Amino acid sequence: MSKLSGIGGRLYRGESAIDFIGKRRRWYALSALFILLSIAALALQGLHLGIEFKGGSSFTVTKVNASISDARTAIASTGVSGEVIVQNIGTDKVRVQTGALDTVQNNAVQDALASKFLVSAESIDTQIIGPSWGKEITRKALYGLFGFLICVMLYLAMAFEPKMSIAAIVAVLHDVFITVGIYALVGFDVTPATVIGFLTILGYSLYDTVVVFDKIRENTRTITASSKITYSQATNLAVNQTLIRSINTSLIALLPVGSILFVGAGLLGAGTLKDLSLALFIGLAVGTYSSVFIAPPVLAQLREREPAMIALAKRVNGRSATPTTFAPTVVAGGQSRGPRNQPKRKGRK
Amino acid sequence: MSTTTKSVKTTGRPARLLAILGLILIALVAAALIQGATVIRLGLDLRGGTSVTLQPRIAPGESGKVTNEAIDQAVSIIRQRVNSLGVAESEVTAQGSGTNRQIVISVPGDTGRRVVELVGQTAELRFRQVLASAASTATPDPAATAVTGVSEIVNAKFAALDCMKLENLQGTGSDAPSEIIAVCDRGGSTKYILAPAEVLGRQISKASAGLDTQAGSNWYVSLTFNGEGTTAFGALTTRVTSLNSPLNQVAIVLDGLVVSSPRINEPIPSGNAQITGSFTQLEAQDLANVLKYGALPLAFDRGEVQQISPTLGADQLDAGLIAGGLGLLLVFLYSLLYYRGLGLVTVGSLLIATALVYLLFLLLGEWIGFTLTLAGIAGAIVAIGVTADSFIIYFERIRDELREGKSLRTAAESGWLRARRTIIVADSVSIIASVLLYFFAVGGVRGFAFALGLTTLVDLVVVFAFTKPLVTILARLNFYSSGHPFSGLSAKSTGTLPVIKEA
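Protein chains in written order, with the numbering used here: chain A, 1 to 349; chain B, 350 to 852.
Among the clues, some could well be false.
To be verified - Quick list of in silico lysine-lysine cross-link-like pairs, DSBU-like style, CA-CA up to 35 Å:
| hint | chain 1 | residue 1 | chain 2 | residue 2 |
| --- | --- | --- | --- | --- |
| 1 | A | Lys135 | B | Lys641 |
| 2 | A | Lys163 | A | Lys228 |
| 3 | A | Lys54 | A | Lys163 |
| 4 | B | Lys555 | A | Lys135 |
| 5 | B | Lys641 | B | Lys555 |
| 6 | A | Lys23 | A | Lys54 |
| 7 | B | Lys414 | A | Lys54 |
| 8 | A | Lys93 | A | Lys54 |
| 9 | B | Lys506 | B | Lys414 |
| 10 | A | Lys163 | A | Lys23 |
| 11 | A | Lys135 | B | Lys514 |
Unchecked claim - Which bits of chain A does chain B cover? Going by a derived footprint, with three or more residues having C-beta under 8 Å, they are:
| hint | region |
| --- | --- |
| 12 | 145 to 152 |
| 13 | 206 to 213 |
| 14 | 299 to 307 |
Since the hints were derived computationally from the structure, they do not count as laboratory data. From a predicted model like this one, the values you see are computed outputs, not experimental measurements. Ideal Cβ placement from N, Cα and C applies to all residues, glycine included.
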């Protein structure tokens with residue numbers, strides 16, 4: 001652990017630096033590959049939607065050693081046709097999922113299962129989703145997604161800079177694509193809980209990006225006043241300086257999410273907790289990646305097009321200094337400090 | 350490298366902030382005790398029960414738009430039906446926004462099917478002539494109240510009808526339009542025998558509440574019928590107006606329960622009627638809304654039905670609590686391993702945050718009927734991460750400042766000034782996310798969003814009123830300021846080149 005902190009110190013001073021910005025083509029290519037894979041998976045396999053989106057009924061009987069074949073016999077006796085999925089959850093549950101049924105059929109299935117497994121109809125956990133419900137849920141999820149993106153974009157544009165908000169949204173869209181792709185590829189069930197987890201993770205991914213951007217802004221506030229460092233270099237330094245923080249915050253966020261996933265999948269077998277935490281888990285990982293490898297390079301690219309930054313880059317390159325030698329100086333000079341530290345710094349030079 | 354140690358500016362007074370936080374905690378505990386809120390209200394998914402989500406839409410064969418008033422009316426009709434089951438803590442609420450709101454019904458316990466069958470039917474409004482009325486209690490002798498021209502069965506039912514009993518206030522299905530019926534009024538104070546329906550709610554074209562300023566300030570309800578309605582209502586009023594009470598009354602029946610039974614003073618052939626009486630503004634508006642709703646009744650699409658047995662509920666609660674405990678423990682361990690002495694600040698802050706969230710859950714259950722669901726627990730657990738992140742942002746900032754050669758006391762303050770901004774922006778994004786989720790979604794999602802938003806707010810309070818002041822105080826201790834190996838601030842662990850010593 002303390003080794004990691006030691007690295008933190010070196011990264012902070014710019015002694016050891018990972019080139020996030022300069023090698024951006026590499027990260028872009030990697031992400032492009034993942035996005036292509038995601039699109040392919042989505043086109044070929046599609047998402048595995050839960051009954052909440054399609055309409056249908058789900059009945060869960062809690063009974064030790066409940067067998068799938070018994071459940072199938074019970075369903076067959078009710079005359080319910082169409083696709084019926086029967087599976088064991090853990091050791092003491094069997095779950096039956098059917099297409100959309102009417103009230104009479106639902107009651108019939110409940111009764112048939114109750115008499116087959118010798119349990120009361122009330123003890124069967126039942127979920128019935130109307131056929132038009134899925135559309136409603138999907139519509140709401142999309143509204144939520146777009147509403148969120150717009151609000152956050154406006155907020156970030158106000159709190160930071162417009163270009164930062166564009167870069168942050170690019171990173172978020174990147175996360176959306178890849179997470180959806182992973183779901184399509186692996187074939188995880190998509191339920192409303194997944195969607196909630198997913199929307200939350202957008203917030204979280206931005207949280208991470210915000211931390212990095214905050215440092216970038218600090219490092220570049222007075223950047224055009226000198227000609228020591230280009231915008232890209234200052235950005236790269238910021239990403240390196242906040243790297244340990246990003247790793248730590250992501251790890252700390254993953255710990256509780258991981259424990260929900262562990263308990264949800266392990267103890268309960270399926271349901272809200274598992275769906276929610278799986279989406280969070282995947283999204284967190286992708287979100288951390290994008291806030292380091294995607295958002296800062298995109299921002300740097302956007303800003304480097306500005307005439308002031310082009311001029312700055314020319315001046316800096318004219319001095320033909322290599323980044324590694326001047327990096328420590330930059331920490332002292334490129335940072336904006338409180339006014340009371342200003343004279344001291346002059347004296348040190 | 351010399352650092353100025355004179356006049357370390359302390360932003361705020363740490364002891365005062367801590368004292369304020371202490372007072373808030375004490376106030377919350379006191380409020381919880383006074384209100385008798387000792388148990389968090391659990392959602393149905395944690396204790397078993399049935400929840401039904403309905404999507405209101407215009408009934409088949411009708412055209413028009415779903416209005417907010419219609420949904421409110423539908424909620425009160427369904428609430429009336431659900432209350433008739435007599436299950437404590439049943440709830441009927443409209444959730445979501447605008448006219449796309451859904452109606453969510455939750456009934457604890459195992460009443461499953463009855464709830465589902467009860468809530469889905471369309472409620473109709475009809476006008477019927479009153480044949481008899483009486484106080485609500487059951488009369489032992491049917492002969493005493495028998496009305497001529499009414500079948501014995503209905504007479505017997507009327508005699509036995511006890512409107513004080515909840516099951517008689519259910520309404521649904523007890524008012525076939527072509528039959529003579531015995532029913533109660535909505536409040537359960539009067540019972541009626543009513544003639545077959547002569548005017549239907551759909552024959553109303555307009556209804557509104559108004560204030561008659563000429564004769565004092567009396568609230569009235571005016572209604573207008575369409576062509577068919579005008580003819581039917583004209584015939585009805587012409588026939589009954591000269592009869593004796595109660596035969597000259599016309600009952601307005603919604604969903605099988607009498608809402609109002611005005612006396613007809615004169616024949617009304619014009620199709621424009623006014624109902625007057627000693628209405629308050631609220632009563633008049635209520636009645637107008639009932640009539641409007643009757644004009645365009647809603648049908649309910651059953652969106653989602655969830656029946657959770659108490660066993661599963663208990664399992665889910667356990668799982669949620671275990672996950673929460675485990676998550677908290679892992680975060681404690683990680684911060685202690687990584688931040689050593691500073692990790693203790695994290696542990697303390699998280700414990701305070703947990704206590705605040707717990708108390709708020711208790712009190713909000715009492716104040717606004719907040720119920721904790723499985724999704725809510727998940728939201729709170731996810732928020733542990735968000736909360737701990739704030740501390741990391743702050744601690745890493747302090748370390749950055751130390752790396753620049755500042756003393757701990759200075760670093761704790763200048764690091765805070767920079768971390769504060771980041772924390773506020775990052776938490777704002779989290780809060781925007783939860784507010785949007787809350788307003789766009791229904792059911793479980795709302796619980797999640799609420800818990801996430803609440804805990805993020807608590808995070809802000811704890812960081813400002815506990816973590817920061819505590820660090821300021823600890824920075825004065827030799828253990829931390831001298832960079833003890835276990836303080837989490839040693840030169841080795843921050844990677845600072847020269848060892849810092851307070852001058």
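Take a quick look at whether lysine 163 of chain A and lysine 23 of chain A sit within 35 Å of each other, Cα to Cα. Holds: lysine 163 of chain A and lysine 23 of chain A sit about 21 Å apart, inside 35 Å.
So if I understand the rule, the pair passes when the alpha-carbon distance is 35 Å or less; does lysine 135 of chain A with lysine 514 of chain B pass? Judged against 35 Å, a Cα distance of about 41 Å means the pair is violated.
For the region 145 to 152 of chain A, count the residues whose Cβ lies under 8 Å from any Cβ of chain B; is that count three or more? Our answer is that it holds, as 4 residues pass the Cβ test (under 8 Å) against chain B, meeting three.
Holds or violated: lysine 93 of chain A and lysine 54 of chain A, Cα atoms, limit 35 Å. With a Cα-Cα distance of about 23 Å, the restraint between lysine 93 of chain A and lysine 54 of chain A holds, given a limit of 35 Å.
Taking beta carbons only, do three or more residues of the region 299 to 307 of chain A come closer than 8 Å to chain B? Per the Cβ count (0), the hint is violated.
Keeping to a limit of 35 Å between CA atoms, is the pair of lysine 641 of chain B and lysine 555 of chain B held or broken? holds (7 Å)
Can you tell me if the region 206 to 213 of chain A counts as covered by chain B, using C-beta to C-beta distances under 8 Å and a minimum of three residues? Answer holds; 4 residues pass the 8 Å Cβ test.
Taken at face value, is the distance from the CA of lysine 54 of chain A to the CA of lysine 414 of chain B at most 35 Å? With Cα atoms ~26 Å apart, lysine 414 of chain B and lysine 54 of chain A stay inside 35 Å; holds.
For the pair supplied as a hint, lysine 135 of chain A and lysine 641 of chain B, is the alpha-carbon distance within the 35 Å limit? Given pair lysine 135 of chain A, lysine 641 of chain B holds - Cα atoms ~29 Å apart, limit 35 Å.
Lysine 163 of chain A and lysine 228 of chain A were given as a pair; does the straight-line alpha-carbon distance stay at or below 35 Å? Measuring from Cα to Cα gives roughly 23 Å; hence the hint holds.
Is the Cα-Cα distance between lysine 555 of chain B and lysine 135 of chain A 35 Å or less? Holds, at roughly 33 Å.
Lysine 23 of chain A and lysine 54 of chain A: Cα distance at most 35 Å? Distance ~44 Å between lysine 23 of chain A and lysine 54 of chain A Cα, so the pair is violated.
Checked against the numbered hints above, the structure violates hints 3, 6, 9, 11, 14; every other hint is satisfied.
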